Amino acid sequence: MDKIKTLVRKEWAEVFKNKMVFFTVAFLPLMMVVLPLGILIGMGGAGESIPSDVGEMPAQFSAFCREDLETGECFQVFMVSQFMIMFMIVPLAIPATIAAYSIVGEKTTRTLESILATPITTMELLLGKSLAALIPAVAATYIAFGIYAIGVWVIVRDMRLFTAMVDARWLLAVFLVGPLMALMAVNFSLMVSSRVNDPRVAEQLSMIVILPVVGFFLGQIAGLFVINSNLVLITAAVLVVIDAILVYAAVQLFQRETILTRWK
Amino acid sequence: MIQTENLTKKFKTVLAVDNLDLHVKQGEVFGFLGPNGAGKTTTVRMLACLIGPTSGQARVNGFRVGEQDIEIRRTVGILTETPGMYDNLSAEYNLRVFASLYEVKDIPGQVEKYLRMLGLWERRFDEVGTFSKGMKQKLAIARALMHEPRILFLDEPTAGLDPEASRLVRDFIAELRKEGRTIFLCTHNLDEADRLCDRIGVFKSHLLVVDTPARLRAQVFGRKVVFHLRQADQALADRVTALPFVSETKLVDNKLLATLDDPELHNPDILRLLIGAGADVQFVGELRHSLEDVYLRLVKEA
Ligand SMILES: Nc1ncnc2c1ncn2[C@@H]1O[C@H](COP(=O)(O)OP(=O)(O)OP(=O)(O)O)[C@@H](O)[C@H]1O
Ligand SMILES: [Mg+2]
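Chains A and B, in that order, give the protein sequences. Per the working numbering, residue 1 is the first one in the first sequence, and the count goes up by one each step. Per the working numbering, residue 1 is the first one in the second sequence, and the count goes up by one each step.
One thing to keep in mind: the hints can contain errors.
Claimed, not checked - Below are the SDA-like pairs computed for lysine to any residue, each with C-alpha atoms no more than 20 Å apart in a straight line: (1) B:Lys136 to A:Arg256; (2) B:Lys250 to B:Glu301; (3) A:Lys3 to B:Ser90; (4) B:Lys12 to A:Arg262; (5) A:Lys3 to B:Glu71; (6) B:Lys133 to A:Arg110; (7) B:Lys12 to A:Leu260; (8) B:Lys12 to A:Arg110; (9) A:Lys19 to B:Ser90; (10) B:Lys10 to A:Leu260; (11) B:Lys136 to B:Glu122; (12) A:Lys3 to B:Lys250; (13) B:Lys12 to A:Arg195.
Calculated directly from the structure, the hints in this document are not laboratory data. Since the model is a prediction, treat every value here as computed from it, not as a measurement.
Whenever a hint applies, use it, and build me the whole structure from the sequences.
If you want it as structure tokens, here you go:
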């Protein structure tokens with residue numbers, strides 16, 4: 001347990017000195033919060049310019065319309081919801097950045113051999129590395145969402161609109177799907193990280209995990225589906241399965257000797 | 001302490017270590033010499049449980065390699081061939097991390113002890129990236145000692161260091177030996193091996209010879225005694241050669257070189273003969289071949 005704590009602290013001390021990592025952890029969530037709030041402020045009076053008949057709206061809008069909302073408000077909710085999908089990049093990008101650096105970083109500093117020479121178990125090593133990436137990711141996601149929720153309230157000051165924008169769907173997405181996504185990103189990056197030798201390559205490869213979120217974003221714009229609580233729950237269930245497979249694979253793939261002796 | 005039996009490591013096509021039988025005794029400094037690519041680093045990695053043997057067995061500190069790896073890692077320290085530190089963390093923090101991973105109880109105490117011993121205490125809060133190569137090397141040695149290991153593997157500890165830093169590291173190794181630690185030293189510096197090692201193994205995939213430096217010399221070159229005379233001639237040399245315990249003599253200027261098995265026993269006899277023959281003996285000394293000569297001969301013959 002002490003060893004895991006040591007590793008996590010070391011990882012943070014080291015990794016946050018890296019500008020790229022610091023930027024991702026600090027500014028990405030902030031940006032993802034500022035954007036929807038900015039749009040919300042900008043659209044403050046948009047209500048009138050939108051056709052008033054709900055029937056004229058594309059299906060992807062109308063799906064966001066609760067009966068107690070006016071058309072302009074529906075549009076606002078839709079826009080904010082698009083940004084919330086982008087917000088889900090946060091729990092993916094942060095752990096991917098940190099974890100991708102993780103093992104490859106030890107290779108480039110040539111510390112990996114010394115680490116593997118200590119009586120640390122493979123499990124402790126993987127756990128330490130995973131937690132070092134998971135904790136900041138989940139924390140940043142939760143804090144950023146908290147700021148978003150407060151911001152929405154300050155801007156709309158209306159319980160109807162607030163509950164439409166901070167609804168069960170997004171609470172589930174952030175608090176349930178968020179950590180599951182982070183875990184997926186961590187394991188994927190650890191796998192990548194132990195197989196390549198260049199931190200930049202690891203970084204870029206790990207960013208592949210962001211693609212599904214982009215898929216969701218485009219899918220909803222194109223009207224292929226509407227993100228509702230059910231879809232969020234299904235996503236969570238799928239992630240649980242994916243995570244289980246990835247954790248298993250990461251542990252299997254982490255062969256001390258192979259990582260140490262493979263030079264390309 | 002370290003005992004191997006048919007220890008073998010094969011990398012795809014390369015047979016790096018071939019049926020190595022080795023016995024390193026408790027408390028000795030064992031020099032492991034061999035040309036580049038001989039398999040020294042590979043052997044050390046196997047003994048420190050970093051890579052697994054392809055076949056054969058090894059026991060380190062009484063624990064079996066491949067079965068009790070964690071126990072072995074707890075009781076051995078290793079200075080790897082290319083040691084690395086976290087360059088953007090301080091020297092002290094680096095050691096604290098490894099002390100914790102080595103399950104050290106008194107972490108601040110151990111860190112301070114070795115930072116002071118190696119003269120790095122004043123620089124303890126500096127980032128390691130700002131250290132010179134020699135300072136990094138010393139820090140890496142300190143790291144290997146955090147948990148007071150009974151066996152220490154040193155893979156080329158003085159490679160790339162200036163004479164002063166090398167001397168410091170060598171003196172430090174000598175200190176560690178006095179504390180009764182077993183030291184397994186890989187080096188290309190034969191002078192260093194000669195000075196530090198109780199026994200030396202010359203290795204090239206398998207062990208060519210193992211013995212004390214003195215006996216290796218005797219074995220390869222025999223022992224030679226030089227008699228510096230004021231005036232020497234061939235007739236005198238022939239009389240010495242005729243002695244039953246002298247296997248060979250050579251005359252170089254006024255120096256008479258005699259090869260014999262046991263100079264301690266027979267030098268007085270030779271001296272008596274020389275003086276009886278009226279020769280003026282100015283100096284008597286043993287001709288020491290450098291370990292380098294010995295090594296090169298052994299490796300060439302292999
Ligand atoms: N990871 C690896 N993959 C493939 N072959 C390897 C690997 N590591 C070592 N070898 C091979 O094993 C042999 C022994 O290498 P090793 O590094 O043990 O030699 P060494 O005695 O330490 O040499 P040096 O004095 O140059 O440090 C070499 O032929 C080397 O190419
Ligand atoms: Mg080597």
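> For the pair supplied as a hint, lysine 250 (chain B) and glutamate 301 (chain B), is the alpha-carbon distance within the 20 Å limit?
Replying inline: 24 Å, violated
> Quick one, are lysine 12 (chain B) and arginine 110 (chain A) close enough, alpha carbons at most 20 Å?
Replying inline: Given that 20 Å is the threshold and the Cα spacing comes to 24 Å, the pair is violated.
> Given the proposed pairing of lysine 136 (chain B) with glutamate 122 (chain B), does the C-alpha separation stay at or below 20 Å?
Replying inline: 14 Å, holds
>> With the threshold set at 20 Å, check whether the alpha-carbon distance from lysine 10 (chain B) to leucine 260 (chain A) stays at or below it.
In response: Holds - the C-alpha atoms of leucine 260 (chain A) and lysine 10 (chain B) are around 15 Å apart, at most 20 Å.
>> Does arginine 195 (chain A) sit within 20 Å of lysine 12 (chain B), going by the straight-line distance between their CA atoms?
In response: 19 Å, holds
>> Checking one constraint from the list: CA of lysine 12 (chain B) to CA of arginine 262 (chain A), max 20 Å. Satisfied?
In response: Holds, at about 12 Å.
>> Given the hinted pair lysine 133 (chain B) and arginine 110 (chain A), is their Cα-Cα distance within 20 Å?
In response: 14 Å, holds
> Within a Cα-Cα threshold of 20 Å, do lysine 3 (chain A) and serine 90 (chain B) meet the stated pairing?
Replying inline: OK: lysine 3 (chain A) and serine 90 (chain B) at ~19 Å, within 20 Å.
>> Next pair to validate is lysine 3 (chain A) with glutamate 71 (chain B); report whether the Cα-Cα distance is within 20 Å.
In response: 16 Å, holds
>> Between the alpha carbons of lysine 12 (chain B) and leucine 260 (chain A), is the straight-line distance 20 Å or under?
In response: 15 Å, holds
>> Would the hint linking lysine 3 (chain A) and lysine 250 (chain B) be met if the CA-CA limit is 20 Å?
In response: 66 Å, violated
> Are lysine 19 (chain A) and serine 90 (chain B) close enough, with their CA atoms no more than 20 Å apart?
Replying inline: Since the Cα atoms of lysine 19 (chain A) and serine 90 (chain B) sit roughly 18 Å apart, the hinted pair holds (cutoff 20 Å).
In summary, the numbered hints that this structure violates are 1, 2, 8, 12.
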